[in-house]
Amino acid sequence: MSESRSDQFPLGARVRLSDLAIDPYPIFARLREAEPVTWVPEIERWFLTRRDDILAVLRDPDVFTTDAPSTIRDMFGVHMMTTEGPTQIRYKRKCLPPFHASRLRSASLPPLRAEVERLVEGLRSDNRRTGEVRTTVARPVALHSVLSVLGIPPSETERVNEWYEHFARALANFAGDPDLRAAGKRAADAFGRTLEPILEELERGPDGTLLSDLVCDHVDPLTAEEIRSNALIILFGGIETTESMIANAVWALLSHPEQLPAACASEASRDLAIEETLRWEPAVQSAARHATRDTEIRGVRIAKGEVVHCMLGAANRDPAHFKDPDRFDATRRNAGDHLSFAVGRHFCLGAPLARLETRVVLETLWTHCPGLRLDPDRTAAPHGYEFRKPEMVWVEWTGMSSG
Numbered sequence: 085m086s087e088s089r090s091d092q093f094p095l096g097a098r099v100r101l102s103d104l105a106i107d108p109y110p111i112f113a114r115l116r117e118a119e120p121v122t123w124v125p126e127i128e129r130w131f132l133t134r135r136d137d138i139l140a141v142l143r144d145p146d147v148f149t150t151d152a153p154s155t156i157r158d159m160f161g162v163h164m165m166t167t168e169g170p171t172q173i174r175y176k177r178k179c180l181p182p183f184h185a186s187r188l189r190s191a192s193l194p195p196l197r198a199e200v201e202r203l204v205e206g207l208r209s210d211n212r213r214t215g216e217v218r219t220t221v222a223r224p225v226a227l228h229s230v231l232s233v234l235g236i237p238p239s240e241t242e243r244v245n246e247w248y249e250h251f252a253r254a255l256a257n258f259a260g261d262p263d264l265r266a267a268g269k270r271a272a273d274a275f276g277r278t279l280e281p282i283l284e285e286l287e288r289g290p291d292g293t294l295l296s297d298l299v300c301d302h303v304d305p306l307t308a309e310e311i312r313s314n315a316l317i318i319l320f321g322g323i324e325t326t327e328s329m330i331a332n333a334v335w336a337l338l339s340h341p342e343q344l345p346a347a348c349a350s351e352a353s354r355d356l357a358i359e360e361t362l363r364w365e366p367a368v369q370s371a372a373r374h375a376t377r378d379t380e381i382r383g384v385r386i387a388k389g390e391v392v393h394c395m396l397g398a399a400n401r402d403p404a405h406f407k408d409p410d411r412f413d414a415t416r417r418n419a420g421d422h423l424s425f426a427v428g429r430h431f432c433l434g435a436p437l438a439r440l441e442t443r444v445v446l447e448t449l450w451t452h453c454p455g456l457r458l459d460p461d462r463t464a465a466p467h468g469y470e471f472r473k474p475e476m477v478w479v480e481w482t483g484m485s486s487g
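Residue numbers (the numbering used here): 85 to 487.
There's no promise every hint is true.
Pairs of lysine to aspartate or glutamate, EDC-like flavour, derived with a Cα cap of 20 Å [what the hints assert, rightly or not]:
1) Lys-178 <-> Asp-291
2) Lys-388 <-> Glu-168
3) Lys-176 <-> Asp-144
4) Lys-407 <-> Asp-144
5) Lys-269 <-> Glu-284
In case anyone wonders, no lab produced these hints; they're calculated from the structure.
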């Protein structure tokens, strides 16, 4: 009698998403050492935990593809994250211009600074010296920025926020709850209906936003459905990844107050510290790929059609690449080698904007909230299997700046 997969991969058989949601890193370490390619029966998918294996898979779209049925494809439609080859390149090329560094500096940075200043002023209004950062700063900043880049009116912020919550629950729905899936689909449909008059208006008066660029592009233009599906994934990624990145960065840095002087010493030091927060506690923990044919990874047979989860958080703590990987080090020179934005053709389109938002939030908090520190009684560590962030980031500060 042949061995079952649970017998072949005993560590994988014991993996529970509920445990990963609390603290995945000790589990990743055990898997990386003893079962770097393992089968997880709870979700019937393969897990990879070594950085080199993950890089190899993410760089081989011919064998490991995103172009397959999935929850995100069912909910949002076909978009740049669920296609490969010429179609994926076309989608990404069309959507890339607003995320170029020069355009971010000229078009996005001034309103971003103003919005962050407004939110931080609200945080410290009435001479308060305590506040919660994730819901009052990180989420609003992420919403403001992605809506501005897309060209969706601020009046839609509240509805977009509600839709996002449905998207997040549906995409983390590994138990297959049909109600969560249906709610996510309804939210995506509602977004599509909201988009129709916006696109019609932009046809009459371009405004330099991404949706305007796409509507007014007459060289191999995207269809209305292609615009909708790609706008949806940019919207979701722009909120989820950035909100979590900001919240995780504030939490990580304030959890290591002895490192703040080094992290704030210069612009380069600050940027390096941000990369370390991305490495140490990534907002998105995995990237899924579908095997296009029977193949092997480290001698383990992967059957055609099976799903491989590249555990990005595990790759970021691989001791083969990062010295003392479980230690947060704001001055780590190779922190930028993390895979938190993935790699290859599916590298996160919005990474430059997410970094910019995080940088501006940190600068503004440090400037306007002297002596900033965590309130340990009201702040817990990041939580979540697929999308990871602290539920609340309560902070205190010792004084008020004059600015």
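Structure-based check of each hint:
1. Lys-178 <-> Asp-291: Holds - the C-alpha atoms of Asp-291 and Lys-178 are around 16 Å apart, at most 20 Å.
2. Lys-388 <-> Glu-168: holds, 17 Å
3. Lys-176 <-> Asp-144: holds, 18 Å
4. Lys-407 <-> Asp-144: This hinted pair is violated, its Cα atoms lying about 27 Å apart.
5. Lys-269 <-> Glu-284: violated, 23 Å
Hints 4 and 5 from the earlier list are contradicted by this structure; the remaining hints agree with it.
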